[in-house]
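S.K.: Knowing the structure of chain H, use the given hints to seat chain U on it.
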Amino acid sequence: MSFRESYFYQVFWARFRGNRFAVAGGITVLCLFLVSFLAHYITPYDPDALDLYHVLMPPSADHWFGTDELGRDVFTRIVFGARISLKVGFVAVGIAVLVGTVIGLVSAYYGGMIDAIFMRFVDIMLCFPTFFLILAVIAILEPSIWYIMIIIGLTGWMGVARLVRAEVLSIRERDYVMAAKSIGASDMRIIFRHVLPNALSPVLVSATLGVAGAILTESALSFLGIGVQPPTPSWGNILTAGKDYIEFAWWLSLFPGLAILVTVLSYNLLGEGIRDALDPRLNR
Amino acid sequence: MGIYLLKRLLMMIPLLFGITIITFAVIHLAPGEPVEMQVAMNPRVSAEARERLRKFYDLDKPLYVQYGKWVGRLARLDFGRSFAPDGRKVLDKIKERIPITLSLNIIALLLEFGLAVPIGIFAAIRRDTPLDKGITVFVFLGFAVPTFWLALLLMYVFGVKLSWFPISGLHSMGSEGMGTVGWLLDMARHLILPISVATFSSLAGLSRYMRSTMLEVIRQDYITTARAKGLSERTVVFRHALRNALLPVITLLGFSVPGLIGGSVIFETIYAIPGMGQLFYMGVMARDYPLVMGILVIGACLTLVGNLLADVGYALADPRIRTGGAA
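Chains H and U supply the protein sequences, listed in that same order. End of the first sequence sits at 399 in the working numbering; the numbers just go up one at a time, nothing left out. End of the second sequence sits at 330 in the working numbering; the numbers just go up one at a time, nothing left out.
For reference, chain H alone in the conformation it holds in the complex (with noise of 0.2 Å):
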């Protein structure tokens, strides 16, 4: 690691550790991690077991969340829908990450027609609320997750394709992409050794941002009953359960959707974080 780099990490760093938020919403991150991996673990019960006798009870010593309208465990099946909810999350912004910079990247370093295509395919995509492009196509093939990673993933990568394509057109004209162009280094070393590295903070950021997003999108889907299919516990589907039972059992609404809603926001603000450490002009 050259000097310059780590000068950049401590800086770096310093600035996200300042960040209370920032590191809460990371530290909520990791905790989400540890569960979904120690799911086994932390609960004692199995999310797909039945318990007939014990159906929609409220929350207890014994059932923390309370039970389903099957007598499932509600705290297992939510610990067990952080899987889904990782898992969708990560992969779906893989997929728009590569797919946007690999676009963004093209257009920018080629210009010209192939730019001019690609961006008015992204002004394209960008016309169609997302949510209806999404539902066509997975109920058009079926709901299965991994087709709800990847069309998520695809219907999500507009926003890095911009974002990449804008950097590396002001990155492409500094001097030491000059440089390294009048040492005479290929396009391929230019592009991956000097101009990659460079654009990739802006998208860390939107990564992470995203995997909320995505997180969003696919409860969404879950609960109108067109994502994770049940028995598989995802926090969207619980509340398909929970609308249904709405007049007698709240927990079912209530927990899911706190999970939610606390993933989301730690993403959110672990994002917000890097961005500002990264640049602490771009909030202030």
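Take these hints with a grain of salt, some might be off.
Computed beta-carbon distance windows for the label pairs [claimed, not checked]:
(1) U:PHE141 with H:PHE127: 27 to 35 Å
(2) U:GLU51 with H:PHE205: 48 to 56 Å
(3) H:ALA231 with U:VAL74: 19 to 27 Å
(4) H:GLN344 with U:VAL74: 34 to 42 Å
(5) U:ASP224 with H:TRP179: 57 to 65 Å
(6) U:LYS58 with H:GLN344: 30 to 38 Å
Residues from chain H that keep clear of chain U, each with C-beta distances beyond 10 Å, as calculated [as the list claims (entries may be wrong)]:
(7) PHE148
(8) VAL150
(9) ASP166
(10) SER259
(11) ARG277
(12) ASP290
(13) ALA300
(14) PRO345
(15) PRO346
(16) GLY357
(17) TRP365
(18) ARG390
What the hints contain is simulated information worked out from the structure, not anything from laboratory work. Source: prediction; values computed, not measured. All C-beta atoms in this analysis are idealised placements derived from N, C-alpha and C, irrespective of residue type, glycine included.
M.R.: Same frame as chain H, but now just chain U:
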């Protein structure tokens, strides 16, 4: 202005084509043929009738011919007939539902704008005070709340527990006998919860954006000049700063159209409001392809119109844009 408008309208043509291509492609991702669905529901359909249906939908022709014919019909505003048993024209089905969704969203948009602008201004001019911090917390919560969960909570608290508002539909039973005023009031009572949800869902983003553009503007030289002239803080903020800070917000309003329309699926399904979102959801569940295609195209076109209005508004407000000078 005329030339600007013309240019802006011409730019929409390739976008319109793109919208139809993507919609067409999405529908043709489907394994099997759309006719299968219609046939599967009715086992008595003979092989001959099936062939007739295939011909009717041009499924016996290559894809590009199908696309060409479909676009040709779209140009004449012929969206085909719904696969649903009633077999009505897709356009008629959408037409009777668009006004509901559109007026709901316009009311939400106006409320959002009316709330977000003052919230953003106050957060900016009272920066780093408890008021600003409170607003920031509210904004972050607003970003993180799932719309459908908020809808459920409001339904539980105000509908089920307090019984202040009805929890579904647009009208009560027997609302026809209430007279015009009673009928309107009844509808308003039904709309309060859905509109609150729709407004809240993007209020956070807009207030935050308003705050940052306001902060940006307040730092400009002309604001310092205005203060140096001895103008009151009120005049500085509301006459000099506000106008300039509002400009970017106009554009953002245009961009929020697809989100609003997409979001209508959620609150219209939850509150059982017979709008376009609910129609789309039902169409998707029943794999009513002509209907789904029709709504996708119309939804995207509404976005185009929203962006157009935003750009025109921006051009009216900022002469630099319409004369083609530096933006």
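S.K.: Beyond 10 Å from chain U, beta-carbon-wise, is H:ARG390?
M.R.: Holds, because the least Cβ-Cβ distance between H:ARG390 and chain U comes to about 12 Å, which exceeds 10 Å.
S.K.: Was H:ARG277 rightly flagged as not at the interface, with every chain U Cβ beyond 10 Å?
M.R.: holds, 12 Å
S.K.: For H:ALA300, which was marked as not at the interface, is the minimum beta-carbon distance to chain U over 10 Å?
M.R.: holds, 34 Å
S.K.: Does the hinted range 30 to 38 Å hold for U:LYS58 and H:GLN344 at CB?
M.R.: holds, 36 Å
S.K.: H:PHE148 clear of chain U by more than 10 Å, beta carbon to beta carbon?
M.R.: holds, 18 Å
S.K.: So H:PRO345 supposedly isn't at the interface. Is its beta-carbon more than 10 Å from every beta-carbon in chain U?
M.R.: At about 16 Å from chain U, H:PRO345 clears the 10 Å cut-off, so the statement holds.
S.K.: Closest CB-CB distance from H:SER259 to chain U, is it above 10 Å?
M.R.: holds, 13 Å
S.K.: Would the non-interface assignment of H:TRP365 survive a Cβ cutoff of 10 Å against chain U?
M.R.: violated, 6 Å
S.K.: Checking the smallest CB distance to chain U, is H:PRO346 really beyond 10 Å?
M.R.: holds, 20 Å
S.K.: Taking 10 Å as the cut and beta carbons as the points, is H:ASP166 off the interface with chain U?
M.R.: At about 25 Å from chain U, H:ASP166 clears the 10 Å cut-off, so the statement holds.
S.K.: A range of 34 to 42 Å was offered for this pair. Does it hold for the Cβ distance of H:GLN344 and U:VAL74?
M.R.: With Cβ atoms ~36 Å apart, the hint holds.
S.K.: Assuming the hint says 48 to 56 Å, is it satisfied by the Cβ distance from U:GLU51 to H:PHE205 or not?
M.R.: Because 52 Å falls inside the window, the suggested range holds.
This entry does not satisfy hints 16 and 17, going by the numbered hints stated previously.
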